[in-house]
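Peer 1: Add chain B to chain A, keeping to what the hints say.
Residue numbers (numbering that gives the first Met the number 0), protein chains in the order written: chain A, 0 to 305; chain B, 0 to 305.
Honestly, the hints are just simulated from the structure, not real lab data. A hint or two may mislead.
Each pair may be met inside one copy or between any two copies, as identical chains are not told apart.
[Stated by the list, open to error] Okay, derived cross-link-like pairs now, DMTMM-like style, lysine to aspartate or glutamate, Cα gap no bigger than 25 Å in a straight line:
hint: 1; residue 1: K248; residue 2: E268
hint: 2; residue 1: K203; residue 2: E272
hint: 3; residue 1: K203; residue 2: E109
hint: 4; residue 1: K203; residue 2: E255
hint: 5; residue 1: K40; residue 2: D30
hint: 6; residue 1: K210; residue 2: E113
hint: 7; residue 1: K203; residue 2: D73
hint: 8; residue 1: K26; residue 2: D53
hint: 9; residue 1: K121; residue 2: D86
hint: 10; residue 1: K210; residue 2: E109
hint: 11; residue 1: K210; residue 2: E251
Protein chains: 2
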Amino acid sequence: MTGLNGVRAGFAGLGFMGKHMACNLLKAGVDLHIYNRTRSKAAELLDEGTGVADTPRALAEAIGGGVIIICVTDTPAVEAIIRGGEDGAGLVDGLSPGALVIDMGTTRVESTRELAQLVAAKGAGFVDAPVSGGEVGARDATLTIMAGGSDADVGRAAPYFDILGRAHTHIGSVGAGQVAKCANQTIVALTLTAVAEALVFARKGGADPAKVREALLGGFAGSRILELHGQRMIDETFEPGGRARTQLKDLEQTLEYARSIGVHLPLLERDTELWREMVARGWGDLDQSGIMVLARALSEEGGGEP
Amino acid sequence: MTGLNGVRAGFAGLGFMGKHMACNLLKAGVDLHIYNRTRSKAAELLDEGTGVADTPRALAEAIGGGVIIICVTDTPAVEAIIRGGEDGAGLVDGLSPGALVIDMGTTRVESTRELAQLVAAKGAGFVDAPVSGGEVGARDATLTIMAGGSDADVGRAAPYFDILGRAHTHIGSVGAGQVAKCANQTIVALTLTAVAEALVFARKGGADPAKVREALLGGFAGSRILELHGQRMIDETFEPGGRARTQLKDLEQTLEYARSIGVHLPLLERDTELWREMVARGWGDLDQSGIMVLARALSEEGGGEP
Numbered sequence: 000m001t002g003l004n005g006v007r008a009g010f011a012g013l014g015f016m017g018k019h020m021a022c023n024l025l026k027a028g029v030d031l032h033i034y035n036r037t038r039s040k041a042a043e044l045l046d047e048g049t050g051v052a053d054t055p056r057a058l059a060e061a062i063g064g065g066v067i068i069i070c071v072t073d074t075p076a077v078e079a080i081i082r083g084g085e086d087g088a089g090l091v092d093g094l095s096p097g098a099l100v101i102d103m104g105t106t107r108v109e110s111t112r113e114l115a116q117l118v119a120a121k122g123a124g125f126v127d128a129p130v131s132g133g134e135v136g137a138r139d140a141t142l143t144i145m146a147g148g149s150d151a152d153v154g155r156a157a158p159y160f161d162i163l164g165r166a167h168t169h170i171g172s173v174g175a176g177q178v179a180k181c182a183n184q185t186i187v188a189l190t191l192t193a194v195a196e197a198l199v200f201a202r203k204g205g206a207d208p209a210k211v212r213e214a215l216l217g218g219f220a221g222s223r224i225l226e227l228h229g230q231r232m233i234d235e236t237f238e239p240g241g242r243a244r245t246q247l248k249d250l251e252q253t254l255e256y257a258r259s260i261g262v263h264l265p266l267l268e269r270d271t272e273l274w275r276e277m278v279a280r281g282w283g284d285l286d287q288s289g290i291m292v293l294a295r296a297l298s299e300e301g302g303g304e305p
Numbered sequence: 000m001t002g003l004n005g006v007r008a009g010f011a012g013l014g015f016m017g018k019h020m021a022c023n024l025l026k027a028g029v030d031l032h033i034y035n036r037t038r039s040k041a042a043e044l045l046d047e048g049t050g051v052a053d054t055p056r057a058l059a060e061a062i063g064g065g066v067i068i069i070c071v072t073d074t075p076a077v078e079a080i081i082r083g084g085e086d087g088a089g090l091v092d093g094l095s096p097g098a099l100v101i102d103m104g105t106t107r108v109e110s111t112r113e114l115a116q117l118v119a120a121k122g123a124g125f126v127d128a129p130v131s132g133g134e135v136g137a138r139d140a141t142l143t144i145m146a147g148g149s150d151a152d153v154g155r156a157a158p159y160f161d162i163l164g165r166a167h168t169h170i171g172s173v174g175a176g177q178v179a180k181c182a183n184q185t186i187v188a189l190t191l192t193a194v195a196e197a198l199v200f201a202r203k204g205g206a207d208p209a210k211v212r213e214a215l216l217g218g219f220a221g222s223r224i225l226e227l228h229g230q231r232m233i234d235e236t237f238e239p240g241g242r243a244r245t246q247l248k249d250l251e252q253t254l255e256y257a258r259s260i261g262v263h264l265p266l267l268e269r270d271t272e273l274w275r276e277m278v279a280r281g282w283g284d285l286d287q288s289g290i291m292v293l294a295r296a297l298s299e300e301g302g303g304e305p
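Chain A extracted, bound-state conformation:
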């Protein structure tokens, strides 16, 4: 039991992840007040009686000293919600002391730390809590949540995490959740490309990729990516899931932060070029597993000596 039945909380962002997460909070009995840039989306989702706020500021005012969860597409979107503009309609403009802001999107590490300071200036707490698990994880509440913040703040967020995901890990102070998410995306992207190149190679070498996937799952090559995305590559079903252009955005953000702290990541740099090439070829809206389409195309171009 989470003990959140009837507790009022705020939720901003009803995108392909957020809509499922808001639903799961509502189902768990949270008295959810919603803000979404496109108001009609909020209206669709909500039962009568749940509050819909017109601005992030109005959302903050409705929640008072409670918890506000944000799940939007990218750093500019979360900046827009928290900072607002000259109209003074941002979340910070309405934030009460004692409130807790939880950003569950994938946001730049530096921006995360700046936004946390802005929120702290209002006497409120901040937790960065990006997730892994995609739309399926959001829908089935099996997300993996990587949290950065103080012990007290992450402890206060925990009952919400219990509703939204399978597990959460307190990685460290504010920003550490986003650093972990960067590490996650590094491994996910590289493993996707690895599986893609391996399956393309296997087929060209005369082996059945489905048999190869099956054989490899039990050994050191076994991974969640080989299991799920490897199957999608074999079936060539690339409806997103997680889009390639989102993966590229996350990788660019990771490399940008890595460079800012003087860290060189040679394999990730090469892989990011490949994801950039995938998007440049018009495949950015495919599922991430569509990297196989690029790997297949590249396998036949340049570099190969017949």
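Peer 2: Below, chain B alone, put in the same frame as chain A:
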């Protein structure tokens, strides 16, 4: 039950994998005749009454129309055993019609197909059955086995695979097992480097790598490599296991075969440069997870803009 109790079979190669595999066959009651280049190794291992052959030819003669398993370091070693030299002491020189040769090492795809033809000319069958799982898998009989050969030959090999591993998959015709092993090594090497770069990045970004590993295991970044080798990277325990130089050999072999069939694998090519660099820096005898040492060194050199 395998039904091999008292059945005579041959085994060539008592290296760090083969010694465990031979032991497991002996424990299962197989009447094993052994050949090893260094005879004393065979003597150490065996109980009285088990046959030790002086040459591969003598091993083949002792086994007659039975099954002979080979598990040696590399392609030249398996070529030496099967072809022998001018002295006529090779396995083919003593091979009886109806025998079955099973190569469980990681051997070049083209050589595999040539050796299978040589063996077929003697009226014997050939199965390539490389493994994944390392020394621990060999010891605990939890290897994953990727088999290439005819249905009949792989069926005949299956009871031995049941003793030696957790699972075997019949990938396709002769050589397909080695193609699958190449695909396996591609994924393993790239995942190792991915985990290494991610953990190095996480530490430099102020997150605890142990927490990051823990958080990521439950999501899309989860893999056997993150679980096992990720822990070794965190503990910095690099006793081999699987050596980096063996990984490099397997990757060079994979790229060589890929080029020979006109297949370009851009990410694997970059990764192979990194493994080559690792060996060049004198870290070739570290466990594969030692790629973290290279990733850490490279993270501080070139490319990074402070």
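Peer 1: When no copy is specified for K203 and D73, does a C-alpha distance of 25 Å or less occur within a copy, between copies, both, or neither?
Peer 2: between (38 Å within a copy, 23 Å between copies)
Peer 1: Checking an output row: K203 and E109, CA cutoff 25 Å. Within, between, both or neither?
Peer 2: The answer is between: 14 Å across copies meets 25 Å, while 44 Å in one copy does not.
Peer 1: Can you tell me if K210 and E113 fall within 25 Å by alpha carbon in one copy, between copies, both or neither?
Peer 2: This pair counts as between: shortest inter-copy Cα distance 23 Å, intra-copy 49 Å.
Peer 1: Since the copies are identical, ignore which copy is meant and state whether K121 and D86 lie within 25 Å (CA to CA) inside a copy, between copies, both or neither.
Peer 2: within (18 Å within a copy, 87 Å between copies)
Peer 1: Checking an output row: K210 and E251, CA cutoff 25 Å. Within, between, both or neither?
Peer 2: Close across copies (23 Å), not inside one copy (34 Å); limit 25 Å.
Peer 1: At 25 Å max between alpha carbons, let me know whether K26 reaches D53 within a copy, between copies, both or neither.
Peer 2: within (23 Å within a copy, 74 Å between copies)
Peer 1: I want to check one pair: K203 and E272. Are their C-alpha atoms no more than 25 Å apart within a copy, between two copies, both, or neither?
Peer 2: both (24 Å within a copy, 23 Å between copies)
Peer 1: At most 25 Å between alpha carbons: which applies to K40 and D30, within, between, both or neither?
Peer 2: Answer is within; shortest intra-copy Cα gap is 18 Å, inter-copy 72 Å.
Peer 1: If the cut is 25 Å between Cα atoms, do K248 and E268 qualify within a copy, between copies, both or neither?
Peer 2: Both: 13 Å inside a copy, 24 Å across copies.
Peer 1: With 25 Å as the alpha-carbon cut-off, assign the pair K210 and E109 to within, between, both or neither.
Peer 2: So K210 and E109 pass the 25 Å test across copies only (20 Å; inside, 44 Å).
Peer 1: Pop the pair K203 and E255 into one bin, within, between, both or neither, using alpha-carbon distances up to 25 Å.
Peer 2: For K203 and E255, the Cα distance is within 25 Å only across copies (14 Å; inside one copy 36 Å).
Of the numbered hints stated above, none is contradicted by the structure.
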